[in-house]
Amino acid sequence: MLSYLLRRLAFMVPTILGITLMVFMLLALAPGGIGAGLAVSGGQMSDTSKVAQMQAYLEDRYGLNDPVIVQYVRWLGRISPVKFGERDLRTPSGERVSPPRAIEDPPLARAFPLPAVPEVVDAPPQGEQLTLEFKKLQREAEGTRREYIGSVRQFRDALADWARAQGPETASRLDAKGSARVSDFEGVSFDPASAGYAKLAEAAATARTKWIAARTAQARAMAAFRAGPYPKSGIPLVPGLVSLDTPDLGVAFSKNRPVADLILTALPVTLLINLIAFPISYLIAVPTGVLASVRRGGWFDVASGFLFLGLYSVPTVLAGVFAIGFLANKQYLGWFPVSGLHDSAAASMTFLPFTDAAGEWHRGYLVDTLWHVALPVLCLVYASFAVLSKQTRASMLDNFNADYVRTAKAKGVPRKDVVLRHVFRNSLLPLITMFVGIFPAMLAGSVVIERIFTVPGMGSLILEAIDLRDREIILANTFMVACVNLLALLLADILYAAADPRVSFNRA
Amino acid sequence: MSDLTVPVLEVADLAVSFDNSNGGPRIQAVNGVHMTLFPQQTLAVVGESGCGKSVTAMSTMQLIPRPPGRFDRGSILFEGRDICTLSEDEMLSVRGGKIAMIFQEPMTSLNPVYTIGDQLMEAIFLHQKVGPDEARRIALQAMKDVGIKKPEERLAMYPHQFSGGMRQRVMIAMALACRPKVLLADEPTTALDVTIQAQILELLRELQRDRDMGIMLITHNLGVVAENADVVCVMYAGRVVEYANVFELFDEPLHPYTRGLFRSIPMLRDQKHRLVTIRDVTNDAAEFRKIPGVVPWWPDMPAGTKPDLASGRDEHVLVEVRPNRWVGCWRTPELQSRTHRRPSLDFRRGDR
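These protein sequences, in sequence, are chains A and B.
The letter at position 395 of the first sequence is residue 395 when you use the numbering used here, and the numbering goes up by one with no holes.
The letter at position 161 of the second sequence is residue 161 when you use the numbering used here, and the numbering goes up by one with no holes.
Heads up, a few of these hints could be off.
What the hints assert, rightly or not - Computed cross-link-like contacts, DSS-like style, restricted to lysine-lysine with a CA-CA straight-line distance of at most 30 Å: (1) Lys-181(B) to Lys-416(A); (2) Lys-306(B) to Lys-290(B); (3) Lys-181(B) to Lys-149(B); (4) Lys-416(A) to Lys-98(B); (5) Lys-98(B) to Lys-150(B); (6) Lys-136(A) to Lys-199(A); (7) Lys-416(A) to Lys-306(B); (8) Lys-149(B) to Lys-129(B); (9) Lys-98(B) to Lys-129(B).
As the list claims (entries may be wrong) - To give a feel for the contact side, a few chain B residues facing chain A, derived at Cβ under 7 Å: (10) Met-61; (11) Leu-92; (12) Arg-95; (13) Met-101; (14) Thr-108; (15) Ser-109; (16) Pro-112; (17) Ala-123; (18) Leu-126.
By construction, these hints were calculated from the structure, which means they are not laboratory data.
Ideal placement from N, C-alpha and C gives every residue a C-beta, glycine not left out.
Isolated chain A, as found in the complex (with noise of 0.2 Å):
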């Protein structure tokens, strides 16, 4: 059982690396590219020269840059439970620290030779004081980047100026889009006297005092991160090469907040709906398959399948508009609210109803909610009876011949007793399949139902997240349903051998 289970275990991390590398690769040749969300976002600034700034700072944060497969390789890293390098320090409040990145000299070195870089020589800060300085420098180190980054940029810009005033022949080792690459300028001579190397010259002047900023503000950082301000973050087991630490979903693009809080505030959204949903389908579902089967042909067998595949046949989309048109429009029923998951004043109720001095009833927190999903909840179960219950039915049915049920008979167990603890139990089997399958769904969220009625969950993230073509919300969410489905599948696999004897992993 145990070596069974650890070899499905590790045969789930090739399958998964397939499924988020496909993922990868849909975003990475979707057009736009895997930053085309930033592009968006770069795009409400007036100012051009502004705009390729912020891009080249994104770039280089995110590393859109870099191949595609690099950049797979890194998101790998770091949702990696295995870490290599240097390993991240953890804040009290569980925020991650990881070490400030090194800086890259700044192109044309040759051309346009480097200063001299000053020995750091001030010790970080010690004691309190470090804990204190430490997001301060950690701030001056990436803000000091950033500047550099961005006077890199409007080096190259300066660089494809120059180029074109040279002429024909040195304008075309400018790309396509006509910006230059500085690898393609390696070998040229620039001539002082040439026309328009006075603004190139100033522009590696700028590049290199930036640089030069950027490299003190990175060294003192880095020598405070290695002081260590907080506790290091997971279990070491190479130390300083190899370690254990949880993964790291990323930062979402859009929202600039780490992925991980996002699925954490969406997630329980999605499972109160549904973990109220599946309850309700199964025990109405089953109970009906069992007794249409045992009837069969009757006029319950008859009247529930067809109100079940009436129901099924109604699209959500509809049934959720006219949920909200007709039971909680105010000008017809009115009876349940529009939208949302709890009332704006939910924050200050109490938990449980009850009734004050003056006799008014309030509802508190708890039938406030209820009362928010009870339209979701129902446009998420309606059309799930219908498959249900005929699976439940036709499992059933097939039972009934059983040569089983019929030594059952024989041996004189009521009618009550075959159909409960000799079919149903057999016809439970493929029941467990099916449960476990509908599982995963349960935390993909329903985007339909999600955006009617606009309640935050995982199925308005992801589709927000797809709207603003948001790389680590995505990723994130393909990586952790990709999960839950293969442990979803293990777990049937599971429960399928406890429910059927002749299912066994021991022996192989």
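Mind docking chain B on chain A? Use the hints.
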């Protein structure tokens, strides 16, 4: 020891029909069947598929689903009561308790998700007022009785861990755990290989002697009949065509169909290219003139041999043509006026 001369089960003029799902006339599966079973007796019911053997047994258990099934007439007497008139509640205590049944398919006749012990003890709890410990003891004894080694271990096992022969032993143990008076064995050895067949039948014979049990052995294997039956009831198209003790039947079959059955058995030393079929025999008009005074009943008579029938009543009548030999005959006006003794043979192979 109970009185062996009193029948435990008497089936009289039983007729069962089924709805025709294609909308045609009702299908008469059993049409006026008589048979009598005594304690310690093995009554073999022989006939081809669809002749009504299993329907007779299932009627005895009241396991015919109604609808589509229907009891048209007749009675099944057990312990002085007509089973056909018992309510479902009364039937529950008979079924599995006093009349037990084992089936043809041991591979699928046990519930795959319960242990052998669960299934055995379920039967015990249903019919005996005992606690769990006592039930377990009875189950263990039942397993030992059918020759299963290490019954303690075996009780905790699931059906799929047993071979076909072992499963049939479990089925027998389950059927006999409540010491029934009558065992209906519906082709109990058909799915088993020959050595296991012999073991199972030998086992049934032993248990039968110990418990004064009557066995209705449904089979189409004449070898099994020859070696195990005391009395043979040959059926065709829902009717009894011949009823006799096993030795007399095998020595001299009287009905053309029975003769056809025996002659169609291939003989190793015969150098024939083509086997005799039952039809070869029943198409021969001379075959139907061998018993003086009566014409054997057959639905598809050779031309010119079908006698004039008495009007009004059933065309078929079971006639005692010689002492203790019954043959299904056409109900001619002469037979109509006579009274006919119902087939009843208090005979066991040891008696000879």
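Hint consistency between Lys-98(B) and Lys-129(B) [alpha-carbon to alpha-carbon, up to 30 Å] | holds (15 Å)
With a cut-off of 7 Å, does the beta carbon of Pro-112(B) approach a beta carbon of chain A closely enough for the hint to hold?
-> holds (6 Å)
Given hint Lys-150(B) paired with Lys-98(B) - CA-CA distance at most 30 Å = Cα-Cα ~28 Å, so holds.
Taking the closest Cβ pair, is Ala-123(B) under 7 Å from chain A?
-> It holds, given that the least Cβ distance between Ala-123(B) and chain A is near 4 Å, below 7 Å.
Take a quick look at whether Lys-181(B) and Lys-416(A) sit within 30 Å of each other, Cα to Cα.
-> Roughly 26 Å separates the two Cα atoms, so the pair holds.
Chain A contact restraint on Leu-92(B) - CB to CB distance below 7 Å | Cβ of Leu-92(B) sits 5 Å from chain A, so the hint holds.
Under the criterion of a CB-CB separation shorter than 7 Å, is Leu-126(B) in contact with chain A as hinted?
-> Holds. Min distance 5 Å.
Hint check, Met-101(B) versus chain A [nearest Cβ-Cβ separation less than 7 Å] = OK, holds: Met-101(B) within 7 Å of chain A, min 4 Å.
Taking 30 Å as the top limit, are the C-alpha atoms of Lys-149(B) and Lys-129(B) close enough?
-> At roughly 27 Å apart (the allowed maximum being 30 Å), Lys-129(B) and Lys-149(B) satisfy the hint.
Pairwise hint evaluation, Lys-306(B) against Lys-416(A), where the allowed Cα distance is 30 Å at most | violated (51 Å)
Interface hint status, Met-61(B) versus chain A (Cβ within 7 Å) = Holds. Min distance 6 Å.
With chain A as the partner, please determine if Ser-109(B) meets the hint condition of a C-beta pair closer than 7 Å.
-> The hint holds - Ser-109(B) has a Cβ within 7 Å of chain A, the shortest such distance being about 5 Å.
The structure fails to meet hints 6, 7 from the earlier list, while all remaining hints are met.
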